[in-house]
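S.K.: Residue strings, one per chain:
Protein chains: 2
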Amino acid sequence: MNPSALEALIEALRCLPGIGPKSAQRIAYHLLQRDRKGAQRLGDSLLHALSSIRHCQRCNTFSENDICERCASPRRDQALLCIVETPVDMNMMEQTLAYQGLYYVLMGRISPLDGVGPRELGLEQLLARVLDGVVSEVILATNYTNEGEATAHYLTAMLRPKGINVTRIARGVPVGGELEYVDSGTLAQALRERKSFQG
Amino acid sequence: MNPSALEALIEALRCLPGIGPKSAQRIAYHLLQRDRKGAQRLGDSLLHALSSIRHCQRCNTFSENDICERCASPRRDQALLCIVETPVDMNMMEQTLAYQGLYYVLMGRISPLDGVGPRELGLEQLLARVLDGVVSEVILATNYTNEGEATAHYLTAMLRPKGINVTRIARGVPVGGELEYVDSGTLAQALRERKSFQG
Ligand SMILES: [Zn+2]
Ligand SMILES: [Zn+2]
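Those sequence lines, one after another, are chains L and A.
First residue of the first sequence? That's 1 in full-length UniProt numbering, and the numbers climb one at a time after it.
First residue of the second sequence? That's 1 in full-length UniProt numbering, and the numbers climb one at a time after it.
With the rest of the complex left out, here is chain L:
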C-alpha cells in the first residue's frame, strides 16, 4: 500500500538493532512527515562515514586515517599496550587519566555462541602489533563478563609464550562501594584477591 521508495526505506531501517517492521514504519513516517532535515543529515552522514571511516592499522579502532591520532602521538608510552573490547571501553580508560600507553581495540570478544572465535576477531593482527619489539607489557582490560574473561584467558595463552608480560586490570569492590550493595560473586573474588594492606 505504500509507495515503493517508502517501502524500501522501511525495509532498510530494519538494519538498526532492535527495530521491527512496526517501528520501522513509524520511524519512516516520522522522518518523512516531521523531520526531513534530520533524515537528509542522517542519509548524508551514513554515506560519508562509510566512505571515510576505516580501522587504524595499529590499534584497530575507527579512524579516518591509516594511523589514528592517538597511535601517532609521540607522547604516549609505546611500551604499554592496553587491550579493550570496544572504542567505548577505550574512552572509559582514557577518562581515568591514569593511563598513558597505547591501545588495541578488539572490536568484539571471543563468543562461541555468536560464532566469534579468534579468527573472526583477527587476532593475527594483534599478535603482529604486540611483537613490534617495543611493547613490553600487555594490559588486558576486557570486561569481567564470561566472554571477556574467556578472551583474556585466550590472549594470555597466545601472548605469554612469546615472552610478553601480560597483566589484567584488578577486580574487586568498586571505589566508594558499600559491601551491602556489592554482589556476592564480586565480594568473594575481592576476598580471594585480598592484598597486604598499605595502612
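Take the hints with a grain of salt, since some may be wrong.
Every beta carbon over 12 Å from chain L, so not counted as near; a handful from chain A, in silico [to be verified]:
{"id": "1", "residue": "Leu47"}
{"id": "2", "residue": "Gly163"}
{"id": "3", "residue": "Val166"}
{"id": "4", "residue": "Thr186"}
{"id": "5", "residue": "Ala188"}
{"id": "6", "residue": "Ala190"}
{"id": "7", "residue": "Glu193"}
Cβ-Cβ distance ranges computed for the label pairs, FRET-style [claimed, not checked]:
{"id": "8", "chain 1": "L", "residue 1": "Thr96", "chain 2": "A", "residue 2": "Gly20", "range": "15 to 25 Å"}
{"id": "9", "chain 1": "L", "residue 1": "Ala157", "chain 2": "A", "residue 2": "Arg36", "range": "47 to 57 Å"}
{"id": "10", "chain 1": "L", "residue 1": "Thr186", "chain 2": "A", "residue 2": "Arg171", "range": "47 to 57 Å"}
{"id": "11", "chain 1": "L", "residue 1": "Pro118", "chain 2": "A", "residue 2": "Glu94", "range": "47 to 57 Å"}
{"id": "12", "chain 1": "A", "residue 1": "Glu178", "chain 2": "L", "residue 2": "Pro118", "range": "54 to 64 Å"}
{"id": "13", "chain 1": "A", "residue 1": "Asp132", "chain 2": "L", "residue 2": "Ser51", "range": "40 to 50 Å"}
{"id": "14", "chain 1": "L", "residue 1": "Arg36", "chain 2": "A", "residue 2": "Gly172", "range": "34 to 44 Å"}
{"id": "15", "chain 1": "A", "residue 1": "Pro118", "chain 2": "L", "residue 2": "Asp44", "range": "32 to 42 Å"}
{"id": "16", "chain 1": "A", "residue 1": "Gly172", "chain 2": "L", "residue 2": "Asp44", "range": "48 to 58 Å"}
{"id": "17", "chain 1": "A", "residue 1": "Glu64", "chain 2": "L", "residue 2": "Leu127", "range": "47 to 57 Å"}
{"id": "18", "chain 1": "L", "residue 1": "Thr96", "chain 2": "A", "residue 2": "Ser4", "range": "17 to 27 Å"}
{"id": "19", "chain 1": "A", "residue 1": "Glu64", "chain 2": "L", "residue 2": "Pro118", "range": "29 to 39 Å"}
{"id": "20", "chain 1": "A", "residue 1": "Glu120", "chain 2": "L", "residue 2": "Asp44", "range": "24 to 34 Å"}
{"id": "21", "chain 1": "A", "residue 1": "Arg34", "chain 2": "L", "residue 2": "Leu127", "range": "50 to 60 Å"}
I should point out that these hints are in silico values taken from the structure, not numbers from a laboratory.
All C-beta atoms in this analysis are idealised placements derived from N, C-alpha and C, irrespective of residue type, glycine included.
Starting from the known structure of chain L, fit chain A with the ligands onto it as the hints suggest.
M.R.: Structure of chain A with the ligands alone, referenced to chain L:
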C-alpha cells in the same frame, strides 16, 4: 575521541525517535563494524525516499506521484471521503474490505499540547478537497482518543455548515469481545449508544 565523520553520524542518528546519545553511539559502531551493507542501503534509501516521496495532492498520503494510485482509481466511490489520522489507519480501513470510497489523511491530529492546531494540520487543503462538488458524505475515522475526538469535533464544526453530511465510525464492544474484558468506559458508551436490535 571519535573521528569527526563518526561523531557526525552519531549526532545524526539522534533524529530517530527515542534514540539518545548512548544508543546512537551503539548503533553507529554496530553499523560500521557489523553491517556496512545495511548502512549503505539505509543511506541510499533515505536519500531516495526524500527526493521521491511527496504528498498526494488529493488525499495527502505519501505518494511518488502528484495523485496517488488510489485517488486516481475510477473504481472508488468518489462521493465518499473517509478522514483518517495516518497512512497506517488508512491501511487498516482498507483491510476491512468494507469501504470503497476515497480517503483524506490528516498526517496527524489536533493536539494543543504538541502545538498542533488546525493550521498546522493544513485543514484548508482538506476543506477544498471536501468542497469539490462530488463528495456528499465525510466519514470521520479519527481515533477514539481524546485528541482524535477533539479532531472529529473540530472537523464536524468546520464541514457541517458547508452542507456536508458528516458521520463518525461507531464505537462500542469489539466484535468477538467479551463484556468481562471490555473496559468500563467502552461499555458505558456502548450502553448509551445502544440501537434497536435487528434480531
Ligand atoms: Zn590507532
Ligand atoms: Zn491520494
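S.K.: If a hint holds in the structure, say so; if it doesn't, say that too.
M.R.: Structure-based check of all given hints:
Residue-level check failed: Leu47 (chain A) sits 4 Å from the nearest beta carbon of chain L, not beyond 12 Å. Non-interface call for Gly163 (chain A) relative to chain L: holds, since the shortest CB-CB distance, roughly 31 Å, exceeds 12 Å. Non-interface call for Val166 (chain A) relative to chain L: holds, since the shortest CB-CB distance, roughly 25 Å, exceeds 12 Å. Every CB of chain L is more than 12 Å from the CB of Thr186 (chain A) (nearest about 24 Å), matching its label as outside the interface.
The Cβ of Ala188 (chain A) sits about 31 Å from the closest Cβ of chain L, beyond the 12 Å cut-off, so the non-interface label holds. The non-interface label for Ala190 (chain A) is consistent with chain L: the shortest C-beta to C-beta separation is roughly 28 Å, beyond 12 Å. No beta-carbon of chain L comes within 12 Å of the beta-carbon of Glu193 (chain A); the shortest separation is about 31 Å. In this structure the supplied range 15 to 25 Å holds for Thr96 (chain L) paired with Gly20 (chain A), their Cβ-Cβ distance being about 24 Å.
Taking 47 to 57 Å as the suggested C-beta distance range, the pair Ala157 (chain L) and Arg36 (chain A) does not conform, at roughly 32 Å. The beta-carbon spacing between Thr186 (chain L) and Arg171 (chain A), approximately 56 Å, falls within the hinted interval of 47 to 57 Å. As the Cβ distance of Pro118 (chain L) to Glu94 (chain A) is approximately 53 Å, the hint placing it in 47 to 57 Å holds. Between Glu178 (chain A) and Pro118 (chain L) the Cβ separation comes to about 58 Å, which falls inside the hinted range of 54 to 64 Å.
Between Asp132 (chain A) and Ser51 (chain L) the Cβ separation comes to about 49 Å, which falls inside the hinted range of 40 to 50 Å. Range check, Arg36 (chain L) to Gly172 (chain A): Cβ separation about 39 Å, and the 34 to 44 Å hint holds. Range check, Pro118 (chain A) to Asp44 (chain L): Cβ separation about 34 Å, and the 32 to 42 Å hint holds. Separation of Gly172 (chain A) from Asp44 (chain L) is about 49 Å and conforms to the stated range, judged on CB atoms against 48 to 58 Å.
Look at Glu64 (chain A) against Leu127 (chain L): about 53 Å separates their beta carbons, and that is inside 47 to 57 Å. Look at Thr96 (chain L) against Ser4 (chain A): about 24 Å separates their beta carbons, and that is inside 17 to 27 Å. A hinted range of 29 to 39 Å for the beta carbons of Glu64 (chain A) and Pro118 (chain L) is inconsistent with their spacing of about 49 Å. At roughly 27 Å, the beta carbons of Glu120 (chain A) and Asp44 (chain L) sit within the given window of 24 to 34 Å.
In this structure the supplied range 50 to 60 Å is violated for Arg34 (chain A) paired with Leu127 (chain L), their Cβ-Cβ distance being about 23 Å.
The structure fails to meet hints 1, 9, 19, 21 from the earlier list, while all remaining hints are met.
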